[in-house]
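Chemist: Residue numbers (my numbering), protein chains in the order written: chain A, 84 to 520; chain B, 4 to 534.
Calculated directly from the structure, the hints in this document are not laboratory data.
Model, not experiment: these values are computed from the prediction.
Please note that the accuracy of each hint is not assured.
To be verified - The calculated DSS-like cross-link candidates involving lysine-lysine, where the alpha carbons are at most 27 angstroms apart (straight line), are:
1. A/151 - A/272
2. B/259 - B/355
3. B/355 - A/265
4. A/272 - B/6
5. A/125 - A/265
Here is what each chain is made of, one letter per residue.
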Amino acid sequence: MEPTLLKARGLEGSRTLASYLSRGGYEGLRRALALGPQEVTKSVIDSELRGRGGAGFPTGRKWTFVPKDHPGPRYLVCNADESEPGTFKDREIIEHDPHLVIEGIAIASFAIGAHTAYIYIRGEFVRWANLLEQALGEARREKILGADVLGSGYSLDIWVHRGAGAYICGEETSLLESLEGKRGFPRLKPPFPAVVGAFGKPTVVNNVETLACLPSILTRGPAWFASIGRPRNTGPKLFSVSGHVVRPGVYELPLGVTFREIIFEHCGGIRAGRKLKAFFPGGSSAPVLTAAEVDTKADFDACAEAGTMLGSGGVIVLDETVDMVEAAANLAHFYAHESCGQCTPCREGSDWLVDILHRILAGHGRAEDPDTILRICRFASQGMTICPLGDAFSLPISSIVSKFRDEFERRIAAATPAPPRKHPVLPWAGPRPGFGR
Amino acid sequence: MPKLTIDGREVEVAQGTNLIEAARLAGIAIPYFCYHPYLSVVGQCRICLVEIEGQPRLAIACATPAADGMVVRSQTSSRVREAREAVMEFLLANHPLDCPVCDQAGECLLQDHSMDEQGGQFSTHMVETRRTFPGLERRLLGPHVVQNQNRCIHCSRCIRFTQEISETSQLTYVSRGNHAYIDTFDGRPFDDPFSACAADVCPVGALTLREFRFRKRAWKLRSTPSICPGCSIGCNLWIDHHERIVYRFTPRENPKINATWLCDYGRFLAESLNAHGPAPTFRDEDGSSSSPPLEETVRALALELKAARTLRVVASANLSNEELFLAREIFAGYLHGELVTPVWPGEPRRMKNGHGVWLASSDAHPNANGARRLGLDIVDESGLARFLYGAADLTVLLDPLAHPYLAGEEALQLLRVGHTLVFSQRQHAVCEFARWTMGVASLACNEGTFTSGADQVQRFQAAFAPPRGALPLWQWFTLLARELGLARLAVATPRDVFQLMVSQERSFAGLAWEELGGFDTDSYREHQHVG
Ligand SMILES: Cc1cc2nc3c(=O)[nH]c(=O)nc-3n(C[C@H](O)[C@H](O)[C@H](O)COP(=O)(O)O)c2cc1C
Ligand code: SF4
Ligand code: FES
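Bound conformation, chain B alone (with noise of 0.2 angstroms):
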């Protein structure tokens, strides 16, 4: 393990670690913007050059490896001052320094380094016309990436992103020297399946997304730790939010799972959760419907559970392991019900890890392995019909939307026979005959645990408070067993409810919820936004 000196702190790397890297260890910030960590090293931007001890030239810290006994500088040397200022300057030479309408402000690498090479200055010597590229200005690449070259710093990452990870290749450089710009080939879309990765990448302003651009200000977003609804490849994300909107996903670093990449599908769920459920909906045999107040909702709910002789409940391998878990005690072990987890295939995902391997969805779920750590019974779409066929005088539904087959004409029908309770994030056409509805909060408002493809339990925070009305699945659930009488699952919190199930379930023995974010890893994206 090289041991080497960087701006007078010692640090021990591991072997082949990039002065980059290394500097980010003893905690220095080197500038760079070609560099990515999970693309290919290029060296061409230029801004990270470093005074190495006994070598006449600078020397690039991204494509130099870590070495035993370097000594290297890089604040501390006025030579590399001396030549970042110049490549900043160069940056900014044809950059259209429109950083007011620029909606990459603020989490922009060309304004962050040029306020620490530059003294904030954003300055170049250059008084000659600026190039520009005419229609390329408000270009829409593909569904998702607009892009303004004017802005383009040619760092490549785009291009690379492209190429080494989605593998389609669709983004190239057109013509060469000074007037190059990205263009896909051909003028075909970029309809990459990753395509707004292009836009995570992108240092500056160039390429931005058409969801995003222009609603919020980067500055004012708050981030909160989450796992992507969309799959059972379990991405890690931030959810970006303010003032209880949700505006975007961005890929949280994780290098199991999703490195710092989300695919399109997954990025672009983050609207959904702007829908949380409706209010509590009692529908009475003639038709009329009332809100009534939390507390007598819950008592009511509790009456028609243990009045109902026959119940079937129909969970889904959408809900956290916590909400799974209060599910199947209160619901089967308690009141004796039927429960089953339908799941769906959907369509297939994939994603690539780290290291550089592609991870495969089984199913459309972020959790279904907690359904199956939990015991319960999976079901497929003709499990799901027979168990619907069965005779029962109460159905629950815990998240109409756990199977696409629930909102078909069939399903419909089957559950309009005797009552039915459900849940619902969604107004849902089961809503439209439900004895009863309530109203669940979305992801941005929950918080638990879900269990990913590859069996590893991770954790999402809430990012605010759940509007009037509509509560987290697993408060109902607490609610509910509190009314039952059964204290023990009556808690206060996801933790407390994790824990009971720690201490009760085999399979998830000996996890410990503080060490389940995965927000323990430092994420690039907090240091230089990279993801």
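This is chain A alone, in the form it adopts within the complex (with noise of 0.2 angstroms):
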């Protein structure tokens, strides 16, 4: 497939204007500005593109839940949080074709009527956050953006804004809250940020990736987009390959494709003649699919039949020397350092878990171990919780429990009993420090 989001990628000074426009750069947004708003959100509801942020909601549809009436600003927010373990898809496209997201967010902000556009981008994508600043710079030079976008009366602002480094800033309540300069908690849903968004606004919050793909629909056609794939699972797909195979790395495929060709053409196998044991299909919150599911289509719609997501497309890989205790235990580790601490399940469970896992790579594991994970993972998921963090570290966990129980079970046979605590349980039996010594 002749590539779309990646075009730019190995071109000689790909990331300048210059370059862009040499390649037809911002002919979208010029068509998108001669339609008009409600036929720009029509070609993108026909194209079927769903949302490449990780839930995979219709683009297009989301659009239409902002209200039409409402009086007073809106906002397009383009999520560039990028935090996922094992997502580095979105920093490939700043990376090479920054103008690219920027003519995403322009159609995107048209079509909904927003005036003000945010790039929420993780504080550790420095680099990216400056390519950007530079790409907007000249965006407004040309007249690309301002008050005039290419001299149609419309006007849209953009503005770059780094994130201080939490995972939980990706999801996108809690995004709006850091945009707002306040602790990044998550917001109960409803309302959902298409009615109040950004500073009590209708915000419309959408992935770098699915912004990036609007361009194409609407010089190529959603017809044309909506060829690619199948039907309800459209359009080219970019999957960050990370793990044991031989060329790791972000390719941009078709949905759809098999989880087979992606590792074993595409990325040339596993490394080192080994055999395959395991893949995450769609980031670290993917539930996990084992070697023999391999032939699962990498699509939303086929990966969640087989039981998990394709999320984000990071496809982390897993050749059989891979410990499965310590990768459930690895994984703990990341979703309870990120938990922002407002629900009692994830806040609770998922320093539970890190602190079972360890027990068990330690070699102290219990008979009814593997039993109580199910348990935290179970009450900590499907609606326990305020946002799918909760599910994020439930669902693989559990997964790899059901999936590789026998592991858990050898380890915990070979088990020795836990020392005695050093730390005791109970507060007051210990010293007291700071107060009434």
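Two chains, each in its own frame: build the complex with the hints.
Modeler: Shown next, in the form of structure tokens:
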């Protein structure tokens, strides 16, 4: 397939406005301005584009949730927080083609009637924040952005907002809190951001890759986009493949390729002649699939049928040398560190999982541990929490325990009893720091 | 008005009512930690999960508005019970379970809900080492609030209180996830003027009050409805007492005045209610003093009053409507004395009511409006000074705390001229030379009504009987009335005085004693210790 999103990769000076214009850049925006917001939204609905941020929600549908008659401003937010482990696709687009993202933002903003858009980018992405700033500067100078976008009378400004380093700020409502200068705590829904979003105004949050799909939908038409992949799962998709493959990296492939093709054809198979053991199809939050499930199609619906999700498209490949208990502990550690701490099940459950898994790794597992893990996961997911971070660790970890239970049991069988605790369990039984000495 | 069914009971509620409140109306208690009727809804604790017919997932009752035809299951759903049990287990995973040494025990939502949702097992399958916060186990956050972070269940009520109610935003989370803790920005003292409310809203023993902790087990306390004596706003409160000692004030819910809040100043007046006036003392010309028995005292007082050619009386805006009424009838009406009521502006105080509106105090007394209603002569400091300059051979002070001016050099000198009778709740400089000092029992032993700044007449009750020698002021007055032959005023209870006042005073006409309590509205505190 000829690349759309990564067209610029490998071109000399691809980041400049001149290069972008020479490749037909901002043509999609020009068309959009001529078509009018309704027609643009209709094209996107017809293209069946689904959000690339993780949930796979139909993008055009999301736009229509913005109240038509809402007085006052509305906003578009480009989600460039990209913190899901194993996901590094948005960065790749910005690295090679920042103007593609800007054009996408402009099209989406025009469609929903926003005159201000924000790019929320993760704090660690200093280089890519700078690249975006440079590109925005060029676009403003050339009157592509500003009071009179491409001479159409439509005005738009785009601001880059850097996060402060929290995975949870990729979740859209938490992102909005952070954007408003507050602590990154996810909000209760409803109301959804499309109705009450940034600064209390209707706001659409879209992922970088989602927005980067828009220019080509406008220039080449929704039918062309819908012809890629299969119905309801259309268009090109970036897969960021990491782990034990010969050629890790970002691949642009049509939705619906199988994971076998991704891993064994495009990435050259498992490194050092080893065997595939398992893989996370869509970032670390997606339930794990085993080698036997490698023929699953890499699209939203097929992954859902397989009991997992396409998520961000970050494929993490594990070979036969991987210890699944360690993998689970690694995941638990990440999510416990990133839990915002609001919801009881997520806050307590994630930390509890870390403790259990580390105890098993230290050789002191107990027979009831796998069931305790499954119980924690069950009650930290499926609507037990405000945001889906509870699900994001519960589902993959419970899938690991279910699919590789024998590995847990083997370790537990070989376990020794835990040594006496070093710390007193009861706080008053130990030294009392600070007060009343 | 949506009509819905909760656990098989039908209930009709106002539009916008959430399921917790709807269930409350239906007589069903849905447990909650992070929800508070006067704070924003955050849905963090997840204990309030309910099953709603037609919805695949459990929903949180605090954030779900009642809708017409909704069928909700709480206790009757096994899914709900299972989920709540799991949430309890999560909450207890890192909780120290130090109830025996925790001062919140007995009024702790975690204990209560563990009883309900876990059958009193207080258990968790957690076998790992508990997370602790070394150094944050007994920390003074500010002048009143002591923190034990190990017990915190991260409900964020205290944070929301300082953001939404007291508007100082002094409290915040520091750090993230399971290691987040409550702190002030930059370690500054938590000196919010409403800081003790943070300990009130804390459902567990993470925030407790320096003044109260370890002084009395919560289940020993009896609560008597009363009114704050601190200023003209008239916040509703409970006097919490045991064996005739007042231990604390806690807010009593009143949406129109103080929602479920008290300011620190008013709250910590509680201690002062344990001071009851000195025994009746007679001081002779030669300086010798004696304490005659009550009947003799009253008789002598009556004689002294009748003998006076010119009588002046300083009343007080700290007295109840009934006491002011009796004072006016006896001293001004019958004895033809001159009577003034000093009013002192005091420190400005404010309180936010249940609708988010700030109320401001006009003065430092609970009943200046009562004095106004009764048409008494209100004076400020200079008015009071002028009043005392005028000659009289007998001065009666109904409350030496009526105005700070009365404790000043000038006032004391003026009062030394002629005889002084003083009714006092506490030792006071005037008592040193007054001819008669009569002990008055504190508000804890008094019953009556105050008229608030917003002109609401509110009733307070007596927590316990006064100690020997001290009487509530109204009782001194009725005894005096009997002695003076004023049978009409020699009634037996404050309620009788009130009836008399209602029948005689236009400004009190139509009021009914029974309806003035504000006790008819069920207090949240009695259901789930919210305030
Ligand atoms: C815990 C969590 C983290 C997330 N992180 C990201 C992220 O880093 N980048 C992103 O685009 N979306 C992320 N999302 C998804 C967003 O909430 C949101 O669904 C997405 O930005 C919508 O864009 P889309 O419709 O274009 O997919 C995250 C969601 C959750 C629950
Ligand atoms: S699920 Fe976890 S991350 Fe999400 S809001 Fe709740 S505590 Fe925060
Ligand atoms: S009371 Fe509903 S989530 Fe805490």
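Chemist: Now look at each hint and say whether the structure bears it out.
Modeler: Against the structure, the hints come out as follows:
1. A/151 - A/272: 20 angstroms, holds
2. B/259 - B/355: 9 angstroms, holds
3. B/355 - A/265: 25 angstroms, holds
4. A/272 - B/6: 24 angstroms, holds
5. A/125 - A/265: With a Cα-Cα distance of about 35 angstroms, the restraint between residue 125 of chain A and residue 265 of chain A is violated, given a limit of 27 angstroms.
Consistency with the previously given hints fails for number 5 only.
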